[in-house]
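Read top to bottom, the protein sequences are chains S and D. So the first sequence is numbered by our numbering: it starts at 1 and just counts up by one. So the second sequence is numbered by our numbering: it starts at 1 and just counts up by one.
No lab work stands behind these hints, which were simulated from the structure alone. Every residue gets a Cβ at the ideal spot worked out from N, C-alpha and C, and that includes glycine. Incorrect hints may have been included.
[Said to hold, decoys possible] Some chain D residues well away from chain S (every beta-carbon gap over 10 Å; in silico):
1. 16
2. 18
3. 23
4. 30
5. 39
6. 44
7. 54
8. 57
9. 96
10. 119
11. 123
[Said to hold, decoys possible] Facing chain S, a subset of chain D residues (Cβ under 10 Å, in silico):
12. 11
13. 33
14. 42
15. 48
16. 50
17. 62
18. 71
19. 74
20. 76
21. 78
22. 80
23. 89
Residues per chain are reported as follows:
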Amino acid sequence: MNTPEFQGTHLFDRLCWAKENLEAYQSDYRVVYEDSIDECAKILVPDPNWMAAALQGGILPPVWVYHELAKDEAQPDFVKHTRGHLLHNTKPVEAMTEEQAIEYLIMKDCPQHVWRNWDEGNKPKMVICRKEQLPGTREWRNAWKITEELSVTDLAA
Amino acid sequence: MALGKIKADTLEHSTAGSLDTQYVVNGSAKAYAERTVDATPATTSSLNVASLTDTGTGDTGYNLTSAMNDDDGPVAGTNSNTATDQGMLGRFETASQMRSQTRDSSGNLVDKRVSVIGFGDLA
Numbered sequence: 001m002n003t004p005e006f007q008g009t010h011l012f013d014r015l016c017w018a019k020e021n022l023e024a025y026q027s028d029y030r031v032v033y034e035d036s037i038d039e040c041a042k043i044l045v046p047d048p049n050w051m052a053a054a055l056q057g058g059i060l061p062p063v064w065v066y067h068e069l070a071k072d073e074a075q076p077d078f079v080k081h082t083r084g085h086l087l088h089n090t091k092p093v094e095a096m097t098e099e100q101a102i103e104y105l106i107m108k109d110c111p112q113h114v115w116r117n118w119d120e121g122n123k124p125k126m127v128i129c130r131k132e133q134l135p136g137t138r139e140w141r142n143a144w145k146i147t148e149e150l151s152v153t154d155l156a157a
Numbered sequence: 001m002a003l004g005k006i007k008a009d010t011l012e013h014s015t016a017g018s019l020d021t022q023y024v025v026n027g028s029a030k031a032y033a034e035r036t037v038d039a040t041p042a043t044t045s046s047l048n049v050a051s052l053t054d055t056g057t058g059d060t061g062y063n064l065t066s067a068m069n070d071d072d073g074p075v076a077g078t079n080s081n082t083a084t085d086q087g088m089l090g091r092f093e094t095a096s097q098m099r100s101q102t103r104d105s106s107g108n109l110v111d112k113r114v115s116v117i118g119f120g121d122l123a
């Protein structure tokens, strides 16, 4: 199915179109990250409807749009968004592979200080893995950490 | 966009009165999601959710695709065991993330199947 020309259409309306017309896709990829040494590891799980939109192309805005909105929201005098039009009027991104979609999602939904410096320090702050590589139960969930045995060099190899 | 459109500011019933369509637009849910209770939870049914962040036991973030105008809107929801637990606490963490927490009858965070719905104005 071809994606309609969506530039200028409200992003929410595009998502409604995608939900009605695309088959949801549950990725097996998970992103494990630590954004504070005092907290347990967090796990980012892609949404099946969002993943379908990413794989389809022509629906989602470029990721820099989210960074601009995040910058606005970080201002101390922020009250409400005034640049939401960027979501709707910026040319949508083309179809992504599943791996590209995960990279996009990391840049959208993980804190920037994590993904920009994921390989700095004694151990990686972020790992992309498969669902089956995570613990099979929720026991001691609040103690989950990225193992210190995982080196950045091994990950890059 | 080649989609059909009906434009109307008011809906009028033959006897029951009329309704401004802005109430329909403004009063509709802008995002919803259902979170499973698996070892690594995932969203099942959803709208306007890009991903889920499992931040720990009983604590989940739902990252929006189309952000809200602000983080002031209400977030409502249920968990799978409202009989003995404290239900679900929901709120907008930011304009682009809903958050849910579920607790047992003692107030401890506990994992449950959760459904959340977010209202407000979209950016």
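Okay, the hints, checked on the actual structure:
no.: 1; hint: 16; result: holds (28 Å)
no.: 2; hint: 18; result: holds (25 Å)
no.: 3; hint: 23; result: holds (17 Å)
no.: 4; hint: 30; result: violated (7 Å)
no.: 5; hint: 39; result: violated (5 Å)
no.: 6; hint: 44; result: violated (8 Å)
no.: 7; hint: 54; result: violated (4 Å)
no.: 8; hint: 57; result: violated (5 Å)
no.: 9; hint: 96; result: violated (7 Å)
no.: 10; hint: 119; result: holds (13 Å)
no.: 11; hint: 123; result: violated (3 Å)
no.: 12; hint: 11; result: violated (20 Å)
no.: 13; hint: 33; result: holds (7 Å)
no.: 14; hint: 42; result: holds (5 Å)
no.: 15; hint: 48; result: holds (5 Å)
no.: 16; hint: 50; result: holds (4 Å)
no.: 17; hint: 62; result: holds (8 Å)
no.: 18; hint: 71; result: holds (8 Å)
no.: 19; hint: 74; result: violated (16 Å)
no.: 20; hint: 76; result: violated (19 Å)
no.: 21; hint: 78; result: violated (19 Å)
no.: 22; hint: 80; result: violated (14 Å)
no.: 23; hint: 89; result: violated (17 Å)
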